[in-house]
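Which chain is which? The protein sequence lines are C and Y, in order.
Numbers given in my numbering equal positions in the first sequence, counted from 1, plus 128.
Numbers given in my numbering equal positions in the second sequence, counted from 1, plus 645.
None of these hints come from the bench; they were simulated from the model.
Even glycine gets a Cβ: it sits at the ideal position worked out from N, Cα and C.
Some hints here could point you the wrong way.
[Said to hold, decoys possible] A partial selection of chain Y residues facing chain C, derived with a Cβ cut-off under 7 angstroms:
#: 1; residue: 654
#: 2; residue: 657
#: 3; residue: 682
#: 4; residue: 683
#: 5; residue: 708
#: 6; residue: 727
#: 7; residue: 728
#: 8; residue: 795
[As the list claims (entries may be wrong)] Calculated Cβ distances over 12 angstroms to all of chain Y for the following chain C residues:
#: 9; residue: 141
#: 10; residue: 142
#: 11; residue: 145
#: 12; residue: 156
#: 13; residue: 175
#: 14; residue: 213
#: 15; residue: 217
#: 16; residue: 232
#: 17; residue: 236
#: 18; residue: 255
#: 19; residue: 259
#: 20; residue: 262
#: 21; residue: 267
[Claimed, not checked] With beta-carbon atoms standing in for the labels, derived distance ranges:
#: 22; chain 1: Y; residue 1: 779; chain 2: C; residue 2: 163; range: 29 to 35 angstroms
#: 23; chain 1: Y; residue 1: 696; chain 2: C; residue 2: 178; range: 45 to 51 angstroms
#: 24; chain 1: Y; residue 1: 752; chain 2: C; residue 2: 136; range: 33 to 39 angstroms
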Amino acid sequence: MLAVARCTGHWRGELRSRLGVTGILELTCRPVFGGVVHELETNLFSHDSKYLVGGCTWFAPAGGGGLNGLQYGTAMGLCVVEARESDAETLVITGNLPGNMVFTGSIALEDDHLVISSAVAERGARAREEDRSVGRLRRVSAATRLTPARTGKARS
Amino acid sequence: MSVLSLFRSGIEGDWLGKAETSERADMIVRLGIGTLCMGELQRLQLEVLDAHTCEMVLAALCIVPFAPAQGPAAGMWSAISGAYTMNLTPDDEGVVALSGTTARGNPVTLTLLRGENDELLLTLLWRVDPAEQHPHRIAAALKRMRPAAPAHARTTRPARKSARRRAR
Chain C
129 MLAVARCTGH
139 WRGELRSRLG
149 VTGILELTCR
159 PVFGGVVHEL
169 ETNLFSHDSK
179 YLVGGCTWFA
189 PAGGGGLNGL
199 QYGTAMGLCV
209 VEARESDAET
219 LVITGNLPGN
229 MVFTGSIALE
239 DDHLVISSAV
249 AERGARAREE
259 DRSVGRLRRV
269 SAATRLTPAR
279 TGKARS
Chain Y
646 MSVLSLFRSG
656 IEGDWLGKAE
666 TSERADMIVR
676 LGIGTLCMGE
686 LQRLQLEVLD
696 AHTCEMVLAA
706 LCIVPFAPAQ
716 GPAAGMWSAI
726 SGAYTMNLTP
736 DDEGVVALSG
746 TTARGNPVTL
756 TLLRGENDEL
766 LLTLLWRVDP
776 AEQHPHRIAA
786 ALKRMRPAAP
796 AHARTTRPAR
806 KSARRRAR
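Looking at chain C on its own, in the form it has when it is part of the complex (with noise of 0.2 angstroms):
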């Protein structure tokens, strides 16, 4: 059972890096097609809830336990990526962004919580700490999401 169809619904909770931490992410996990792909759309707000950056990830299954899929970050551009399951909980990203950079993801369901990680690094190096940031994400309601109405402006 590939761990991101029981992540469907809305989460929340604090990104954070090496640094420090980054803003409030919310996550949204949807079956699209009836469950033939999932999309993950990610939205980052800063703590006085401006809108910082976005992404989403849509991946299907492609046989072989493979799966691919699209990516697309405010900040990275577009890219095709390749998600694999590491183990029944996990699910690791893998993409070549524009620029010869390399963006490694993953998300796991860890005691109801889902824990997401994003690195961004030059092909063949280590991801710079503040290039690394990792989530730990609480299921919440719809109603609850940080909403452009609620949010006020778009980007700052």
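Starting from the structure of chain C, add chain Y where the hints point.
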């Protein structure tokens, strides 16, 4: 018309229409257009259905960033070809044409055009084998999905007139 201006021209919503296809008759196209990431990303969800069985013959998802930081103009995933990126190609005025190549090296083109009477004209061309002489084709004139007016609203006379008659 740029991608930006087409998508900001009020085309969000659900669109539906009969398809002309290169191989199968009686197909329906449904196109859902919406935004993600606080409006920074346009998402097109295309479903081609058999009109009799409602079986989904083709499913495709197209992602178009409004302001791509760098790299490709769009991303496409389809049940036939998997995921790949697409770029804008020059076309006639008013036509948005995206073209890309699948992981297997097969060309795909998606064109969108805002037609008259609030129609959206969609064409998807693809080849399963690059050597194929004629591409596979789906074309549809899509209408915006709207709830039908209730039957009584179509037969009842305007309230003002009836009120006037009662007053007499």
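Checked hints:
Evaluation of the residue 654/Y hint against chain C yields a violated restraint, the C-beta minimum of about 20 angstroms exceeding 7 angstroms. Nearest Cβ of chain C to the Cβ of residue 657/Y: about 14 angstroms, over the 7 angstroms cut. The hint is violated. Because the closest C-beta pair between residue 682/Y and chain C is about 3 angstroms apart, less than 7 angstroms, the hint holds. Taking 7 angstroms as the C-beta contact cut-off toward chain C, the hint placing residue 683/Y at the interface holds, the least distance being around 5 angstroms.
With a least beta-carbon distance of about 6 angstroms to chain C, the hint placing residue 708/Y at the interface is held under the 7 angstroms criterion. Interface hint status for residue 727/Y: upheld, as the beta-carbon distance to the closest one in chain C is roughly 5 angstroms, under 7 angstroms. Residue-level restraint check for residue 728/Y holds (minimum Cβ-Cβ distance to chain C is 5 angstroms; threshold 7 angstroms). Interface restraint check: residue 795/Y against chain C, minimum CB-CB distance 30 angstroms, threshold 7 angstroms, status violated.
Distance check for residue 141/C against chain Y: the nearest CB is about 18 angstroms away, which clears 12 angstroms, and the non-interface claim stands. The claim that residue 142/C is not at the interface with chain Y holds, since no C-beta of that chain comes within 12 angstroms of its own (minimum 19 angstroms). Every Cβ of chain Y is farther than 12 angstroms from the Cβ of residue 145/C; the closest lies at roughly 20 angstroms, confirming the non-interface assignment. The beta carbon of residue 156/C sits about 9 angstroms from the closest Cβ of chain Y, which is not more than 12 angstroms, so the claim that it is off the interface is violated.
The non-interface label for residue 175/C is consistent with chain Y: the shortest C-beta to C-beta separation is roughly 17 angstroms, beyond 12 angstroms. Residue 213/C, annotated as away from the interface, keeps every beta carbon of chain Y farther than 12 angstroms; the closest lies near 17 angstroms. With 12 angstroms as the threshold on Cβ separation, the claim that residue 217/C sits away from chain Y holds: the shortest Cβ distance comes to roughly 24 angstroms. Taking the minimum C-beta to C-beta distance to chain Y, about 17 angstroms, the non-interface status of residue 232/C holds against the 12 angstroms cut.
Every C-beta of chain Y lies more than 12 angstroms from that of residue 236/C, the closest at about 23 angstroms, which supports listing it as non-interface. The claim that residue 255/C is not at the interface with chain Y holds, since no C-beta of that chain comes within 12 angstroms of its own (minimum 19 angstroms). With a least beta-carbon separation of about 16 angstroms from chain Y, residue 259/C lies farther than 12 angstroms from that chain, consistent with its non-interface assignment. The beta carbon of residue 262/C is kept farther than 12 angstroms from every beta carbon of chain Y, the shortest such distance being approximately 21 angstroms.
Remark: the non-interface label on residue 267/C is consistent with the geometry, its nearest Cβ contact in chain Y lying 20 angstroms away (cut-off 12 angstroms). Restraint check, residue 779/Y to residue 163/C: a C-beta distance of roughly 34 angstroms satisfies the suggested window 29 to 35 angstroms. Checking the proposed 45 to 51 angstroms range against residue 696/Y and residue 178/C shows it holds: the Cβ atoms sit about 47 angstroms from each other. The hint said 33 to 39 angstroms for the Cβ distance between residue 752/Y and residue 136/C, and at roughly 35 angstroms that hint holds.
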